[in-house]
Amino acid sequence: MVVDVMPKPEILDPQGKAVTGALARLGFAGISVRQGKRFELDVIGEITEDRLAEVHRAAETLLANTVIETFNVRVEEAPEASEEDDQAESAEQTELATQAG
Amino acid sequence: MDPSVGPRIGVVTFPGSLDDQDALRAIRLCGGQPVPLWHGDDTLDDVRAVILPGGFSYGDYLRCGAISRFAPVMTEVIKAAHDGMPVLGICNGFQILCEAHLLPGALIRNDVRVFVCKDQDLRVESVDTTWTSDFTQGQGITLVLKSGEGGYVADEETLRRLEGEGQVIFRYVNGNPNGSFNDIAGICNERGNVVGLMPHPEHNVDSLTGPTQDGRAIFSSVINFLAARV
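Line by line, the protein sequences are chains B and L.
Per my numbering, the first sequence starts with residue 1, numbered consecutively.
Per my numbering, the second sequence starts with residue 1001, numbered consecutively.
Bound conformation, chain B alone (with noise of 0.2 Å):
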């Protein structure tokens, strides 16, 4: 499962600011960061809505702070090894949870 983490629109985001004024130095224009984190979960066994609920709270308890950030939960299935699924979609990507904060 993965939980991606945002500083909300209203909060400042130094560290993007300062991605966002490299870039621009390096030629890449017209492009403006805002910097969050992402943190893939190894969850053992079936996920269950209990299961997706629970990790809900982790993150809304531990791996955001929903006073400057919002934050997002996902099944995120392993890519597959296999040649056939090139073409397709690296990760198959199930939205299953709700957007928080």
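Don't take each hint at face value.
To be verified - Pair by pair, the computed Cβ-Cβ distance ranges are: (1) Asn1174/L with Ser32/B: 30 to 40 Å; (2) Leu62/B with Asn1174/L: 54 to 64 Å; (3) Gly1059/L with Asp50/B: 50 to 60 Å; (4) Leu62/B with Lys1079/L: 13 to 23 Å; (5) Glu60/B with Arg1161/L: 20 to 30 Å; (6) Arg38/B with Glu1157/L: 47 to 57 Å; (7) Leu26/B with Leu1208/L: 23 to 33 Å; (8) Pro1211/L with Glu54/B: 49 to 59 Å; (9) Leu23/B with Asp1046/L: 47 to 57 Å.
What the hints assert, rightly or not - Covered by chain L, per the in silico footprint, the following chain B stretches (three or more residues, Cβ under 8 Å): (10) 12-18; (11) 25-36.
Keep in mind the hints are simulated off the structure, nothing from the lab.
Source: prediction; values computed, not measured.
Glycine is no exception: its CB is placed at the ideal position from the N, C-alpha and C atoms.
Based on the hints, put chain L in the right spot on chain B.
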């Protein structure tokens, strides 16, 4: 005041705390009885006030204070704070108090994107707290500020409430060093027993090592408050 009879004031050492020894020393110099506490403790050792010191507890991994907030000793600190015990968070301690929701808002990376280390001018905005009663209202003081993530942020409603209820207790003057909303350097909870500030009063208690001794009033405030309650 004889340190052996002064009120017992605890200082929590987390892995990565830096200023715990200075805080213990400041308590002693100001007439209290310093009591070292460990992050893994599940007791507060009969202290009557607690200080969460500066530093980089748990390496500041994830977010500053995010992991320390769940240290075993914090269960007791949070319980005691709700019961009215004086609790002070300095710098990293302030971040921990915000993460623990004992104080509203959060601290983010300085807008200037560099670590700031300077003697910072402040104005005392409230003397109605356990930790600031020995100051005078509006007093100008100078304390060491040394932090990379000292930008205080909160939503508009929280800021309005803090300003309206007199919960902003220290404000930066002569320039905002880190982008804190409303130049906020320190706040307290509604009850006034929990205080957090980014500058370091424990570094300003001795003429040998600091340009001012303005930090002493923080420690004497709580010591006098506790002495009066015996």
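Hints versus structure:
| no. | hint | verdict |
| --- | --- | --- |
| 1 | Asn1174/L with Ser32/B: 30 to 40 Å | holds (33 Å) |
| 2 | Leu62/B with Asn1174/L: 54 to 64 Å | violated (38 Å) |
| 3 | Gly1059/L with Asp50/B: 50 to 60 Å | violated (33 Å) |
| 4 | Leu62/B with Lys1079/L: 13 to 23 Å | holds (20 Å) |
| 5 | Glu60/B with Arg1161/L: 20 to 30 Å | holds (23 Å) |
| 6 | Arg38/B with Glu1157/L: 47 to 57 Å | violated (30 Å) |
| 7 | Leu26/B with Leu1208/L: 23 to 33 Å | violated (48 Å) |
| 8 | Pro1211/L with Glu54/B: 49 to 59 Å | holds (52 Å) |
| 9 | Leu23/B with Asp1046/L: 47 to 57 Å | holds (56 Å) |
| 10 | 12-18 | holds (count 5) |
| 11 | 25-36 | violated (count 0) |
Hint violations for this structure: numbers 2, 3, 6, 7, 11, all remaining hints satisfied.
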